[in-house]
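Work out the full structure, taking the sequences as your base and the hints as a guide.
Number of protein chains: 2
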Amino acid sequence: MRLGELSERSGVSTATVKYYLREGLLPPGRRVSATQAEYDEEHLRRLRLVRALIQVGRVPVATAREVLAAVDDDSLDPTTRLGAAVWTLPHGPEPDGGAPETPPARREVDALLGRLGWSFAVAMGELSPAYRMLVGAVAGLVRLGYPHDVEHLLPYARAAGQLAGPEVDMVASRATPGEQVEAAVALTVLFEPVLLALRRLAEAEESARRFGFPLP
Amino acid sequence: MRLGELSERSGVSTATVKYYLREGLLPPGRRVSATQAEYDEEHLRRLRLVRALIQVGRVPVATAREVLAAVDDDSLDPTTRLGAAVWTLPHGPEPDGGAPETPPARREVDALLGRLGWSFAVAMGELSPAYRMLVGAVAGLVRLGYPHDVEHLLPYARAAGQLAGPEVDMVASRATPGEQVEAAVALTVLFEPVLLALRRLAEAEESARRFGFPLP
Chain G
1 MRLGELSERS GVSTATVKYY LREGLLPPGR RVSATQAEYD EEHLRRLRLV
51 RALIQVGRVP VATAREVLAA VDDDSLDPTT RLGAAVWTLP HGPEPDGGAP
101 ETPPARREVD ALLGRLGWSF AVAMGELSPA YRMLVGAVAG LVRLGYPHDV
151 EHLLPYARAA GQLAGPEVDM VASRATPGEQ VEAAVALTVL FEPVLLALRR
201 LAEAEESARR FGFPLP
Chain U
1 MRLGELSERS GVSTATVKYY LREGLLPPGR RVSATQAEYD EEHLRRLRLV
51 RALIQVGRVP VATAREVLAA VDDDSLDPTT RLGAAVWTLP HGPEPDGGAP
101 ETPPARREVD ALLGRLGWSF AVAMGELSPA YRMLVGAVAG LVRLGYPHDV
151 EHLLPYARAA GQLAGPEVDM VASRATPGEQ VEAAVALTVL FEPVLLALRR
201 LAEAEESARR FGFPLP
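Same order as they appear, the protein sequences are chains G and U. So that you can map any letter, position 113 of the first sequence is 113 in UniProt numbering, and since no number is skipped, the others follow by simple counting. So that you can map any letter, position 65 of the second sequence is 65 in UniProt numbering, and since no number is skipped, the others follow by simple counting.
No lab work stands behind these hints: they were computed from the structure. Backbone N, C-alpha and C define an ideal beta-carbon position, used for all residues, glycine too. Misleading hints may appear alongside valid ones.
Said to hold, decoys possible - Using C-beta positions, here's what the derived DEER-type ranges look like: (1) G:Asp40 / U:Asp96: 26 to 36 Å; (2) G:Gly97 / U:Glu42: 32 to 42 Å; (3) G:Ser173 / U:Glu8: 46 to 56 Å; (4) G:Glu42 / U:Glu8: 51 to 61 Å; (5) U:Pro60 / G:Val122: 35 to 45 Å; (6) U:Met1 / G:Gln162: 42 to 52 Å; (7) U:Pro93 / G:Ala99: 27 to 37 Å.
Below you can see the structure in the form of structure tokens.
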């Protein structure tokens, strides 16, 4: 397909497609004349991933380039390749190592992971940006005096644990390792706002059930 | 307590406390001399909420002021008061009403809410910012060609639904309606990164189980 069709099918303007090509986020098309190039389904899929990262995940262009390098590195084993791609996504601010609430937060997180038997997370520890993100989030609860013990964290871990099965199914259903990594990154980013919006709706629903139901 | 103790116990610098006082986010203390004022536990609690909103929730100062007005408005019934406070929190970009993917996204969301029997959410519809956030998030899945049907959304709704019970328990355990609203806002904001971090850890765990377990 030509640039115009690639733009139309992806919903990304031709100016933005050209920008992604210049920035190396999209591989060049096959040149068919001095002024025209031909693109294929691979370009379309890559363009959708770039769009998910930049427009939904708010990932900076330089970070998107790192994610794509991990997606494309077929010398890595599958878990590392998936992990490397997801690990380059933004994870919010790092926990403040010097703050007094960080050590108790880390103890609760370690106790939680031990209780869950999440041996991969235990083995990775501080190396994992999601672990550091969790320590930072729990430190916020500690600092502000809200419940942060294992019993209060467990329902969130169980909810997340239930989602992981269907999520990895969606990834595993893709045909090639490259497409799997692409799907893992896109689904991680795209389902975050779905989950947060549903949590707010569920809270309002439960709150209305308990405290009364004012109609608009 | 004096300003210094209020600052120490809340972990908010005296300069920031003074800024919040000037901006009306914190009510003035009881004046005890020309240069000194006395603060109480109520000030400490309010300061922790302001901090949760601004430092964790990344809520702009003007928005924090609106949230606090809803927290303080005891003329409202409990559900509306809780709702008004949580509704003023940021919910991400509004869905693009003119985009071709918005109507199919809205249809899936409505089908999902009907299937769940979430009658409060159905009654509120577009009025609820969490509903609009969900439509926008599902529109992102539609636009990028990822699964977005009711069957794929249900696991997220069920996970969120399970969390709502313990969450409303935490809110209901507070002594006064004002404290309940305060807890609802703080817990909504503070547990979001906990949930997202645990989801990423659970995905990595499941991925390691299925695709192999590379140790660092």
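A quick look at each hint next to the structure:
1. Taking the beta carbon of each, Asp40 of chain G and Asp96 of chain U are about 29 Å apart, inside 26 to 36 Å as hinted.
2. For the pair Gly97 of chain G and Glu42 of chain U, the supplied restraint of 32 to 42 Å holds, since their beta-carbon distance comes to about 33 Å.
3. Range check, Ser173 of chain G to Glu8 of chain U: Cβ separation about 55 Å, and the 46 to 56 Å hint holds.
4. The hinted window of 51 to 61 Å between Glu42 of chain G and Glu8 of chain U holds, with their beta carbons roughly 59 Å apart.
5. At about 39 Å, the beta-carbon gap between Pro60 of chain U and Val122 of chain G stays in the expected band of 35 to 45 Å.
6. A beta carbon spacing of about 45 Å between Met1 of chain U and Gln162 of chain G agrees with the range 42 to 52 Å that was offered as a hint.
7. Distance hint check for Pro93 of chain U and Ala99 of chain G: the Cβ-Cβ separation is about 32 Å, which falls inside the suggested range of 27 to 37 Å.
Every hint, counting from the list given before, is met by this structure.
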